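J.: Protein chains in written order, with the numbering used here: chain A, 1 to 334; chain B, 1001 to 1334; chain C, 2001 to 2334; chain D, 3001 to 3334.
No lab work stands behind these hints, which were simulated from the structure alone. For clarity, every value in this text was computed on a predicted model and none was experimentally measured.
Here chain C is said to cover these stretches of chain B; the calculated rule only asks that three of the stretch's residues, wherever they fall, bring their Cβ under 8 Å from a Cβ of chain C:
#1 1036-1046
#2 1058-1065
Pairs of lysine-lysine, BS3-like flavour, derived with a Cα cap of 30 Å:
#3 Lys3032(D) / Lys15(A)
#4 Lys1201(B) / Lys1075(B)
#5 Lys6(A) / Lys3008(D)
#6 Lys2032(C) / Lys1015(B)
#7 Lys2015(C) / Lys2063(C)
#8 Lys1089(B) / Lys1145(B)
#9 Lys63(A) / Lys3075(D)
#10 Lys1006(B) / Lys2006(C)
#11 Lys2075(C) / Lys1032(B)
#12 Lys2015(C) / Lys1075(B)
#13 Lys2118(C) / Lys2201(C)
#14 Lys1194(B) / Lys145(A)
#15 Lys3323(D) / Lys1323(B)
#16 Lys1015(B) / Lys2006(C)
#17 Lys201(A) / Lys155(A)
#18 Lys1118(B) / Lys1323(B)
#19 Lys3089(D) / Lys3075(D)
#20 Lys1070(B) / Lys2006(C)
#21 Lys1089(B) / Lys1194(B)
#22 Lys1006(B) / Lys2075(C)
#23 Lys3118(D) / Lys3089(D)
#24 Lys2063(C) / Lys1070(B)
#25 Lys2063(C) / Lys2194(C)
#26 Lys2201(C) / Lys2155(C)
Over 10 Å on every C-beta distance to chain B, these chain C residues come out as not near it, computed from the model:
#27 Leu2017
#28 Ser2046
#29 Val2059
C-beta atoms are modelled at their ideal positions from N, C-alpha and C, and glycine is treated no differently.
Protein chains: 4
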Amino acid sequence: MIILLKDKVNENQVKNLTNWLEGNGFGLHISKGQNHTIIGLIGDTSRVDMDLIASLDIVETVKRIQEPFKSANRKFHEDDSVIDCGGVKIGGGNFQIIAGPCSVETRDQIIDVARAVKASGAGMLRGGAFKPRTSPYAFQGLHEKGLELLSEAKKATGLPIVTEIMEANHLPLFEDVDVIQVGARNMQNFELLKELGQTRKTILLKRGLANTLEELLMSAEYIMAGGNNNVILCERGIRTFETYTRNTLDLSAVPVLRRLTHLPVVVDPSHGTGHAYLVQSMAMAATVAGADGLIIEVHNDPPHALCDGKQSLTPEQFDALAKGIRNVLPFAVR
Amino acid sequence: MIILLKDKVNENQVKNLTNWLEGNGFGLHISKGQNHTIIGLIGDTSRVDMDLIASLDIVETVKRIQEPFKSANRKFHEDDSVIDCGGVKIGGGNFQIIAGPCSVETRDQIIDVARAVKASGAGMLRGGAFKPRTSPYAFQGLHEKGLELLSEAKKATGLPIVTEIMEANHLPLFEDVDVIQVGARNMQNFELLKELGQTRKTILLKRGLANTLEELLMSAEYIMAGGNNNVILCERGIRTFETYTRNTLDLSAVPVLRRLTHLPVVVDPSHGTGHAYLVQSMAMAATVAGADGLIIEVHNDPPHALCDGKQSLTPEQFDALAKGIRNVLPFAVR
Amino acid sequence: MIILLKDKVNENQVKNLTNWLEGNGFGLHISKGQNHTIIGLIGDTSRVDMDLIASLDIVETVKRIQEPFKSANRKFHEDDSVIDCGGVKIGGGNFQIIAGPCSVETRDQIIDVARAVKASGAGMLRGGAFKPRTSPYAFQGLHEKGLELLSEAKKATGLPIVTEIMEANHLPLFEDVDVIQVGARNMQNFELLKELGQTRKTILLKRGLANTLEELLMSAEYIMAGGNNNVILCERGIRTFETYTRNTLDLSAVPVLRRLTHLPVVVDPSHGTGHAYLVQSMAMAATVAGADGLIIEVHNDPPHALCDGKQSLTPEQFDALAKGIRNVLPFAVR
Amino acid sequence: MIILLKDKVNENQVKNLTNWLEGNGFGLHISKGQNHTIIGLIGDTSRVDMDLIASLDIVETVKRIQEPFKSANRKFHEDDSVIDCGGVKIGGGNFQIIAGPCSVETRDQIIDVARAVKASGAGMLRGGAFKPRTSPYAFQGLHEKGLELLSEAKKATGLPIVTEIMEANHLPLFEDVDVIQVGARNMQNFELLKELGQTRKTILLKRGLANTLEELLMSAEYIMAGGNNNVILCERGIRTFETYTRNTLDLSAVPVLRRLTHLPVVVDPSHGTGHAYLVQSMAMAATVAGADGLIIEVHNDPPHALCDGKQSLTPEQFDALAKGIRNVLPFAVR
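When you get a sec, could you build the whole thing from the sequences and use the hints?
T.: Structure (structure tokens):
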């Protein structure tokens, strides 16, 4: 971290600052120019409150050199992390497709979809039991009942299950869940992240609607700071001004994240575009761009889905998509 | 709500849809044009899942006419709501300034600031005990200890206290808190909103970083749907591409919200701009634009504040601001 | 187009509106509901000023059903357009890579790069002679001299040339240019678009920094309305909050545009990401997503490039990229 | 400017860089730390191509200390600029309201509106003759005829006239125009800016839809670099995700710009909000925030306006607005 002081600062104030920094365990490298004094901090600056320093009277600006995330940083963990998801591995060359309906609706629906996506090559089953909805009057999911049906589908097919949590108090209900998803709207629900950091469950962390990749990594850091390193990152589209798509899928997030972190990165082209007709092309593009996996909405009866039907594939469409993925996977840039 | 069907739809499918809509209690007004069929829904469409209908095979597009929020809607509650905040009223012509430090740090700090802002005309005291921070390594607030110090400051000055909650489990600690703040990052933490809807506490709901005003109102609706009508809305700046300010304060939110809802609207120019030198002009502009109140960061020693010092005013600056507000309040557009 | 009138409107006002619409040559389909009257317009509504109608006193809202663009619309031109670029074809299955330096600097530079990219499989040469720069003090290109050097490179290699225009007055200088590029900042320079519509030159139209795809298509429509149908669209990244990339490349633009229009769509991953290390993965992803071509910055000495060196590939890197493209092109989703 | 070099750089490369910088006339202050070398540039860095330096192999990052704009910079011109607009002054305490219709339509319309707004206190008349429209099929203005009608209105009332230019070739038609407006979509039409820099006309430069304030100032710099210092800046709303307003008016732009530059700053609440009901509150808020003037759309028959009727005030509404402005102007924060 480099601290640039203002023109003509008082020597005492500078002394106070440098004493305080040294007291916090940093080595300092001070350089006095004609107009400006520059202080370089040596040590682990991820623990420095950059805003606090920037707010000091004598400071013109502060510039980080190191990234503010540490456990997630590839600099300190060169190899790809391989994360276990109920017996299925993801990362480090293990590519997985997670598929299933937006919401769990009935026993038949979830088991039928699970069988179909497994037959087409999916490695995990997704399905929502707790659904975050903008309106309190919209369908909010089957809750406990939904989790039970997911467990039945897991028993029937052997597929590990992925489903979203919305509150830490619900954790006891998630015992049989293999991968706990944190949705976009909870990416900065820091209390939830802290409590998930206390578990050893695998967490699938989705990027927030208007969040940067650094903020996504800082949220992963919240989980890892608690000792839980089983984190998968998910690009699911960001809010932009475009209206033909529900969100704008940021595929450059894949190679950027792969450079910055050792954690696996998956892509959700269903939420990321909001339209079934865009899912296959974006899924294949994500694969070629180096993603470690995909999350795809599949429904046996999209027009009757209780939520997000517009973006769901039929099992037949999913089968074609899975074939397309196998075609391009050997050429993925990694 | 108007549902526009696609060209050349199958009569049976239309029949299925209209039966289902009627079964859900809606009156229908059907109009067949040369190419398109239009269905008008009569009844309370705030309870309709618009996305579900839009996803149906035969539907081209759906257009809401009514707003999707109901309890918060001024159409059904013409008069301004007046909300009680521990004996102080806000809304319906009651203008309030809420002032205090970003974080509670020490007994002396919070009591000194409370006395100063009261003397200058503040009606409530703010101070953070639980702080949402992007980094797990940044200062997170004094927690219970912070709440205790706020209570002491309340006892010492008589000012009602406003402070942020980050998890529903913490509610028992907030008994003595007069106004519970939901921060921008939790605006769509729907489980938290639902639990706050079960209390009768006054809730100050901040707009999310990249959320629309309709989404803000839908989040208010989550609280009100639980029976708690004591909601104050807060504009605190949105994320834009501008870099000279921390956020972009959207002052048009004030007259827009005042038209759409009966709930009081307050503005936070401290977080909304991120710089002390911008607070007075934006506070006065917000007042003239018709806000019901302001939230202002005041610190007795801004350069040493443990967070957000850059945007805090000194008590002297706050006193000048309060005078400015009194000058323009009579001319506010309401 | 559907016009929804307000509750309780005056019959005379409705009569005035319907007369005026009929006078403008539209057929009307009027439907009176319990509360609302709906007017459906039959005819070519791309020529209707939707804002004007929305502004009328008696109108609640207006909803387009047809897209507002017509010449560019795939509905009226089902087959892909194949556009000639100085003898090289693009679109309708003809995939092209356009490569070359950001700026033309010297004869040796541009001829060396042209030979190298041709050898690797590029179909056209790009190079900037007029450079739009945020600062008036930054390098603005070699102007006429740059165009001459491009012509020499064309003679030396046979590659058609692509270069940017910034003002219609410069058109006489562009005689030997095969494809005239309109940059992102000029996407809504409507006077320039109109004058390019009067030529029969092939125009490569880049999407603006914060523009929607509909706005891009409306700008194409400006050119086509003048009678020039030789338009290629280019996705080059949009402005978002992300900071690890210079822009956010919106690859879903490719399948969306391919559905909406018959015009070829190319992708610029160099400007779209701003970093050389991201170009190959995004170029391959764009190809798989169905793009008709790519624009890639290649420089024989990136660290000394006079502009945008950070995102340029070396000829060796470009050769590897071109091989990667050939690998995945057969699997492109189209 | 501070250049931070990468870890372990080759001494020769550093020598090359420092020689090149010194050859460009900069004094250097070099500081070698344990890991990093920092080079401070002394001299006029507004002329440095920061991107070029950032792209060099050995450079980790570059940080500006000085702003990249110079002629517009308040640091080198402490006093407010007072700009002449056909005899009327703006800036330095001279507050002006510019009012008139979006488009000039007929002689009666423009003269009637001019008389009405003059009677209410407007200091200048606005009216569009060349209209930038997203669609080539929308009304584009009366062109030369519109300019003639504006001149007649000027003769009839004595009000200086403000109108938009869309292409430098049209300049000869603008002889009688007192203030030439550059619209949001042309803010980065650099060729147009350069040619306006060659005139001595007063230019009203509007902020682009998604541009930062620094970019706005760099565009002003283009005009001033040609020797024309008669520039007025205009905040007119930026594109955000909000849908209840057409744009989001960024009122913090007023105090931010007043700190950064000596040029006058005006605010356009009509385009900035898109709705007549929001204009008065935002106009008054802008005034209190310290604006040097306002641009307000006024039409004698808003529902029949050929464009932007939705946001126009009637002359009566404008008269009330002007009274409101006079009430709060004495309290403006400046």
